[in-house]
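Combine both chains into one complex, guided by the hints.
Chain order of the listed sequences is A and B. Take the working numbering: the final residue in the first sequence is number 134, and no numbers are missing along the way. Take the working numbering: the final residue in the second sequence is number 911, and no numbers are missing along the way.
Bear in mind the hints are in silico, worked out from the structure with no lab data behind them. In this text the structure is predicted, and so the values were computed from the model without any measurement.
Subject to a maximum C-alpha distance of 27 Å in a straight line, what follows is the list of computed DSSO-like cross-link-like pairs (lysine-lysine):
(1) K39/A <-> K898/B
(2) K801/B <-> K60/A
(3) K852/B <-> K864/B
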Amino acid sequence: GAVVSQHPSRVICKSGTSVKIECRSLDFQATTMFWYRQFPKKSLMLMATSNEGSKATYEQGVEKDKFLINHASLTLSTLTVTSAHPEDSSFYICSATGTLNSPLHFGNGTRLTVT
Amino acid sequence: DQQVKQNSPSLSVQEGRISILNCDYTNSMFDYFLWYKKYPAEGPTFLISISSIKDKNEDGRFTVFLNKSAKHLSLHIVPSQPGDSAVYFCAATQGSGGSNYKLTFGKGTLLTVNP
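Just chain B, same shape as in the assembly (with noise of 0.2 Å):
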């Protein structure tokens, strides 16, 4: 049973525009949820997270937004560049604080931004 589904295994978009990627969780203990970004030979790296007490936080140009309600969230990058190519893979957790303890991933979304 996947708890965390990404369910869009690819998206390719112009550079310049605008990267949606979506997320959905069943679990409605998670309450903090991250974005990791991932090039190829190399490890995730942390991009951006959400406590369940919000509905969006913003860094530079990513974005996420949560809605508890629907179980889904989005991390929308713009203006998108080719640099953004990377597999991207959305994250859930439990516990107050915004603990990283036991994170359930989701089978990543590979992005690619094309010049």
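Chain A extracted, bound-state conformation (with noise of 0.2 Å):
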């Protein structure tokens, strides 16, 4: 079945630096790439919609400075969340679809520890 791979799984960093969050879909071609932040015990939060070769759609109230979002290629959508601060910390998790009516398949998601 389709695979979705995110990496790194856990990563731990010191407030102000970059964190690069890469997403890649492993036998399809994903023309779209879904970023969701969760906080303990919320729900997943769409961050941001991203198309192959074009910028990002981010939802209200998420900085698009802060989480630059690239998908240069129909396999590959990156996360850098910038100069972090400890309120980042969370879990950010990508999903991809081939097509849209396509059901999501989710990567194993990023547990970020800001200190």
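Structure below.
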């Protein structure tokens, strides 16, 4: 079945540094990728939608300059958390779909801890 | 404002019995609903979905019921098996054709099936 690989699974970084999270579709071309964030005991919240070759669409309240999303190919999207702060500590998860009528396939998520 | 609500954070059932997971939504524009299952350290995996033009969809041991007037849906698992123990997320979206675009998730319900 379709697999989405997300890397790294865990990362600890110091405040002020930047962290890049990769999301790859392994056996299908992901025309659309989504990035979610989940705080403890909260829902998965959509942060942004990225389409290959175009700028990401961010949800209201999500800072596009802080959460840089690049979807340069049909199999790879990256989320870069720039100048990370402790309040950015969260669980980030990506999902991908080949067509908008296909089930979303999720990565395993990245646990980011900013110290 | 949480548009998709799963009011039970956890549910425990005996193996072989029925598991009923509930979900309520507030946005009347939602017309496609999905259930995802999530094991620890893994991303959510698609389980079953239902369009608002239906009130029931069945796939093996899993059945989803939709009550549009009550803005309520439920997932029935029968018979429940220990391997069903996981967090179940209810999700909703709007858009014709069953698009998975921009899912809104509930907080999830942890199901534990006891042998």
